[in-house]
Amino acid sequence: GAGVSQSPRYKVAKRGQDVALRCDPISGHVSLFWYQQALGQGPEFLTYFQNEAQLDKSGLPSDRFFAERPEGSVSTLKIQRTQQEDSAVYLCASSLLGTSSTDTQYFGPGTRLTVL
Amino acid sequence: SQQGEEDPQALSIQEGENATMNCSYKTSINNLQWYRQNSGRGLVHLILIRSNEREKHSGRLRVTLDTSKKSSSLLITASRAADTASYFCATVKNNNAGNMLTFGGGTRLMVKP
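Heads up: the protein sequence lines correspond to chains A and B, in order. For the first sequence, the residue numbers in the numbering used here are 30 to 145. For the second sequence, the residue numbers in the numbering used here are 24 to 136.
Pulled out of the complex, with its shape left as it was, chain A reads as follows (with noise of 0.2 Å):
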């Protein structure tokens, strides 16, 4: 596809499960970032990758989120034992080359998970 896409759409799971979700970038863009929405509330930035390096992780609220993109394409988020406090949207983004700050991000839908 042409834009970013990111799956599941929706999850719902109970406290303590772990979770994961995946980013499908743009074919062909080298960074990609992770950022946390809250209801109501603007994207927080969680993690960024250039190609298959985490670059930064200083985003991450706990050691139970762990984020990977081991051939510098689609990336998973992990969250491990999840609590209600999880209960975000999750964003992804891409862009061509993330070493210009003019670089453009284009987001995906993001996957929306609810903890219970």
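Calculated from the structure, these hints are not laboratory results. Source: prediction; values computed, not measured. Please note: incorrect hints may appear among the correct ones.
[As the list claims (entries may be wrong)] Below, a list of computed lysine to aspartate or glutamate pairs in the EDC-like style, where the Cα atoms sit at most 20 Å apart: (1) B:49 with A:47; (2) B:116 with A:85; (3) B:116 with A:132; (4) B:116 with B:106; (5) B:79 with A:132.
Here the structure of chain A is known, so what remains is to put chain B in place on it, guided by the hints.
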């Protein structure tokens, strides 16, 4: 934590009217961008203004930036019902190797037909 505040948090206008949204931020920036988010969708990039620019236009959009006040405004002229969405400003900080975006809390705009 979020970079700054946007006001108003919600805005309701009639079709054809202009809508103005304001954004404030805290740190020095490289550029400021505005995004639109329709309900249940991802964000769409609208316009970018560099820190050395004061005003920029794109179609019905006009963005201003005042770095001395650390604030920006987005004006949508001749609004349409299809403009109903949430609007977010986002900044890229200086010397930020990752160029990650720091978003404000957003303005929820409703344009009534």
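These are the hints, each one checked on the structure:
| no. | hint | result |
| --- | --- | --- |
| 1 | B:49 with A:47 | 36 Å, violated |
| 2 | B:116 with A:85 | 14 Å, holds |
| 3 | B:116 with A:132 | 13 Å, holds |
| 4 | B:116 with B:106 | 28 Å, violated |
| 5 | B:79 with A:132 | 17 Å, holds |
In summary, the structure is inconsistent with hints 1 and 4 from the numbered list given earlier, while agreeing with the others.
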